[in-house]
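Novice: Okay, here's what each chain looks like letter by letter:
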Amino acid sequence: MTDSRRWFHRFAVRGVFWRQYLDFGLTNVPFYLRPVMIFFWTIFFFFLAAPERRAILSNLRVVLPGSNPLLNLGRAWLTLYNFAWTIADAADHKLAKTEFAYELEGAEFLEQLAAAKGAILLTAHMGNYDLGAAVFAERFQRDIRMVRAPEADAETAQHLDESLERAGAGAVKVAYNTASMALPFELLNAIRAGEIVSIQGDRAVAHISQRPARLFGEEVMLPDGPFMLAFVAQAPIYPLFIIRTNFHRYRIIARPPIYCRRAERGREAVIEEALRDWGRTLEKVIAANWSQWFSLVPIFPAR
Amino acid sequence: MVFVSPDFSRAMKDTKGSERGYAFALPRLIVRLTGRTARRAELSRWEAYGTGILVFGVSCVFAARLLLPLVRLGPLQLLALLLLPFGIWVAFLILYFINAQLAAVLRRLGLYAAVTNNPLQHAVIMSLTTLIALAFLRDECDWVKLLGAFWLALLILNLTSILVEKLRHEP
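Line by line, the protein sequences are chains G and P.
Note that my numbering has the first sequence beginning at 1, numbered continuously upward.
Note that my numbering has the second sequence beginning at 1001, numbered continuously upward.
Keep in mind the hints are simulated off the structure, nothing from the lab.
Treat the hints with care, since some could be wrong.
Label-pair distances were calculated between CB atoms; the ranges are [claimed, not checked]: (1) G74(G) / G1074(P): 22 to 32 Å; (2) F17(G) / Q1101(P): 10 to 20 Å; (3) F1150(P) / G74(G): 46 to 56 Å; (4) Y1112(P) / A287(G): 22 to 32 Å; (5) L1128(P) / Q112(G): 44 to 54 Å; (6) R10(G) / A1113(P): 49 to 59 Å.
Where chain G lies over chain P, by a calculated footprint (3+ residues, C-beta under 8 Å) [to be verified]: (7) 1027-1036; (8) 1137-1149.
All residues carry an ideal CB built from backbone N, CA and C; glycine is no exception.
The shape of chain P in the complex, shown without the other chains:
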């Protein structure tokens, strides 16, 4: 727990207002390059909402590209588009459950020891989204191609930032 108020009790861990917490290496590196401090923490709304909407959006676009050619009528297409996010939500719930079972098996075999299943879920979700983004690059629609390229660019930049952090021995 971090208390950002500068006048707060000495019993609290006091952080300077300029310090920021990011879970991903890319924003941490950008902030450090601008001369400010940044550390590893899940405190950024931009990361949480931005990444979440992007991951979910990529899945929705992928499902819509598969589903819409099967639905011919305009109103039915609209209905399908309205219901699609709910379907993707349910699909994510099923995916979490399957991954949790996989984590349980890996734990029993001594191959996975993290406190929560989040790292494994993160790896699976990132891999699936990257596979979808790769498929988007071969799509005939320009904006879908662009979406795939945007995801891949973010991924490459983030992986590079992780490497830079390692080389600079930054936490």
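Here chain G stands alone, though its shape is the one from the complex:
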């Protein structure tokens, strides 16, 4: 890439410029003007981020069958508005340690996760997963290894890594989900050492282990890595979602753990069953919180 192209790349939707500008905004915009600013920036990105908008629309068509295409445009805007709020809140926590209020659904499962010696926290591109991981690590004094899909832009990836590690006071370590064979071993060792590994299980990126699953009646590819890891490490999987409910307020939704027990049946059958469990959990949470499913790529097969 030439220097001038690299410079322009900074201003692409996923370029580092917007992340840096967000940091500027949060240290310069008083809290009461943020709703107005985010409202207008969402309009700007609604037009600029055309592939992401189309992806949200295509996902909405399946999540809300029979929905009006015109209303879905409004729903796509609302999804981007919520996305803007969640990344702004995560950056706000990083930069100013701003206070947020939480309510809990499934507190007993979160307590189990906090006490677990090695576990997998399975989440989705929903709500504020970045903020959630940082807060969890900070509050429970637990190290979290967060597995993310690689960012398209290297500078953005570096900025996000630094942000997450700063927000989690060093307790959140980011690993990227790539074709590398080293990552599964690294994660397995981390779980065996008693750490919590956080993985987003609603989107399979290319070159990673995946298998077909049912979601909203459609066949989709979901990553099976978390289940294989749980099977090998014999660690529980805790589904966890952090949904924005209002200004500086979130709801943590913890669901019953999914186990991949070795003794029961063969590996394939156990993983298939766990994947089905995860699919059902995911479906329920997405159906109730479709405006906070930030899977900005098409998940379902094109029609």
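Given chain G, put chain P in place with the hints provided.
Specialist: Just chain P now, kept in the frame of chain G:
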């Protein structure tokens, strides 16, 4: 970070459901006068959305009062009114940038030391909005006058609440 669920882990800071967080002194004082507890925190959606819309709205009305006499045709006036909020948004972005430069200069001179530029931005935005509200009081249109008076009343009540908090040694 505050966790409001009463059954949450002991590792979390547990707050009673009745406790509320407000950034401005006026709502804190009102809540305390009703016998409940309130503390300083940016947790109220009413404050965030209400103040934001009011500040932005005052700026939009001010710009509209200046702009509309220059646009004669009805459809053009409608278009101007539709585009105006976007123009004000851009004007705010420019204002943040200018204030950030001012904060940088003040920091270099050792006159400003807050962690973020938000306190300075807040002071400038509040001052500008108050100046606009004062100008509204001299407007011939009744509802514009009322809007100016409403802002000034809120400002005076909030400043009084700050004073009351100081006198009562409340955080």
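Novice: Taking a Cβ-to-Cβ distance below 8 Å as contact, does the segment 1137-1149 of chain P have at least three residues touching chain G?
Specialist: violated (count 0)
Novice: Take the C-beta atom of L1128(P) and the C-beta atom of Q112(G), compute their distance, and say whether it sits inside 44 to 54 Å.
Specialist: holds, 52 Å
Novice: Taking the CB of G74(G) and the CB of G1074(P), does the distance hold inside 22 to 32 Å?
Specialist: Holds, since G74(G) and G1074(P) (Cβ atoms, about 28 Å apart) stay within the stated range.
Novice: Falls inside 46 to 56 Å, the C-beta gap from F1150(P) to G74(G)?
Specialist: At 31 Å between Cβs, range violated.
Novice: Could one say that the CB atoms of R10(G) and A1113(P) fall in the range 49 to 59 Å?
Specialist: violated, 31 Å
Novice: Range first: 10 to 20 Å. Now tell me if the beta carbons of F17(G) and Q1101(P) are that far apart.
Specialist: Distance hint for F17(G), Q1101(P) holds at roughly 19 Å.
Novice: Okay, Y1112(P) versus A287(G) on CB: inside 22 to 32 Å?
Specialist: Violated - the Cβ-Cβ distance for Y1112(P) and A287(G), about 49 Å, lies outside 22 to 32 Å.
Novice: Can you tell me if the segment 1027-1036 of chain P counts as covered by chain G, using C-beta to C-beta distances under 8 Å and a minimum of three residues?
Specialist: violated (count 0)
Hints 3, 4, 6, 7 and 8 from the earlier list are contradicted by this structure; the remaining hints agree with it.
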